[in-house]
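A.B. asks: Listed below, chain by chain, are the residues.
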Amino acid sequence: MSRVHVLLLGVALALVGALGWSSSAAADNSCVGHTYFGIERGVACNRSTGASAHFSQWVDGCDRYSDGLRVRAWARIDGVGDIPGDWDTNGSNPGCANDFYSSGNLRAQKICVEAAGCSAFRFH
Amino acid sequence: MTEIRRSASKGVGETETDQASGSERLPAPTRRFGARHSRRTVAAAVVAGFVAVGTAATAGGGFSPGDVIPAGEPSPPPESRLSVDEKVLATGTTPIAGPWRLTAYESEESAGQPAGLPCIRLLLQAPPAGTPLAGSGFCGKPDEGGFSAASVPVRDKSGASELIVFGIAPDQASSVHLRSDGGSRASARTREAAADKVTGKVWVMTMPSGVRDGEFEWVDSSGQASATKQDASGFFDRLEAVEGTK
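As you go down the protein sequences, you meet chains A and B in turn.
Letter 84 of the first sequence, counting from 1, is numbered 83 in numbering that gives the first Met the number 0, and no numbers are missing.
Letter 55 of the second sequence, counting from 1, is numbered 54 in numbering that gives the first Met the number 0, and no numbers are missing.
Treat the hints as calculated values from the structure; they're not laboratory data.
Here are the simulated EDC-like pairs of lysine to aspartate or glutamate, each with C-alpha atoms no more than 20 Å apart in a straight line:
1) B:Lys228 to B:Asp180
2) B:Lys156 to B:Glu239
3) B:Lys228 to B:Glu214
4) B:Lys140 to A:Asp66
5) B:Lys228 to B:Asp142
6) B:Lys140 to B:Glu107
7) B:Lys196 to B:Asp170
8) B:Lys196 to B:Glu143
9) B:Lys140 to B:Asp84
10) B:Lys156 to A:Asp81
11) B:Lys156 to A:Asp77
12) B:Lys228 to A:Glu113
Just chain B, with the same shape it has in the complex:
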């Protein structure tokens, strides 16, 4: 079980992922974050059900949830730095992808999208050799369902692979589940995102090995599941493509 604790002055919250697929629960240390918290009001913390190995600073490349990465900060990977500030929403580490960081920011003007859109992205801080993608994300407000997701499929030189899926859920969502074969195969609690950039809540989960289909749904605090589901097949397509690479 992974736990991320926030200091009491920032609000209390815990996050865990239940990997109901039968894979072992991996122990994780309790991590405080927000030590370098900005004085700006932040709705809350963040998400993830991941194994945390090492310190929060290591996983986040020196930044912790709640921190603001100033524009131009050459944090790893250096070619990923933006000309706008980013707010760290969550950090963590997974066995194959290694350390990662989830941030919120406003888009910069580009051929595909205008400046000023709310965006989130998850970047691998030390992508394993041989993996083609070092991160992903999306910009723009979720559609009327309030649910958006992106993925980072990862493989290493030995061929071991992993799929991280993350995204935004509506304010009333307390958890997100991947359902397959009538059961929940993975889940993650949601946390409020940086309100000034991203509306709704954010979540992150690692897909259990052996799971290759399913739908995402979010669940509110009373246990009521969302009426709309999101098909997860596109994310698994990406994992298969990455697994098939040289």
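The shape of chain A in the complex, shown without the other chains:
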């Protein structure tokens, strides 16, 4: 293998490593949305705070469209089950309902829009 090939291989491996790191970092602070009649009505996002940044503990349920339909996130907790969040209390105004799961077993979230259905669960 020539030096150029080695160099290219090294760059390729570095890129793969970087992308892999980015993908795992992107598992936190990511959202899943539900679209109804072509409009994203709401999103459920996971995030972490404090010392445990390696796993998410928060699920935010966020209304994204002013249509009179309430939205709430659902969380799937390993070994526990699915827990509904609070309805986003201020509608489509900025800000979300926030739920804090301290067990460290938050595995997925989805968003449900009143009378319009839910997204699939997004796993971390």
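Using the hints provided, position chain B relative to the given structure of chain A.
C.D. replies: Positioned in the frame of chain A, the structure of chain B alone reads:
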């Protein structure tokens, strides 16, 4: 009856919850708070109708209403600390959830919401084993009605459960009531929140056992009830989901 007293220099206020459902009123000690009060102007104190067991410092994890938790402070639960300051609005303790703390802060940038929004959250300081949620809250200004609410459903290993509901009410609200079957099943007085972060007043109440439906309304000082009500069924849905967990 639960009473939380503020020192006279900070303003006078008492808070109590009347659990009209028939459950026993539990005695609570009078607690002073604000001993470590920040010098910043604060509109007032805070809320809650809860049984206070132990000291204010214990319930608040070492912080009292009016205190500012500095960014990064590793107060319990440690994974809940923020990179922004929080102002303690209220602390208390309930029989199943244990000690809790209600705070106001500004949101941090995240995928779901921008930075700088006014937020409140209620965190359990020592969540009972087996309960999936350790706290909840919301960010953003209330809608035009000025009323917002969130809940923390709790269960312990024995299966006993409890539902704490809290939120924001308009400035003119002097109390918040849960009405069901034509009567008030629970109520809590409101208190002004930290004006620089949260507008309106805050309130906290524990749902009486056996109550599983109702609507929230706020009442002004003349006894006039709000025209708009908030359906409480979503909060009870959460309690049932938590009760059904392993």
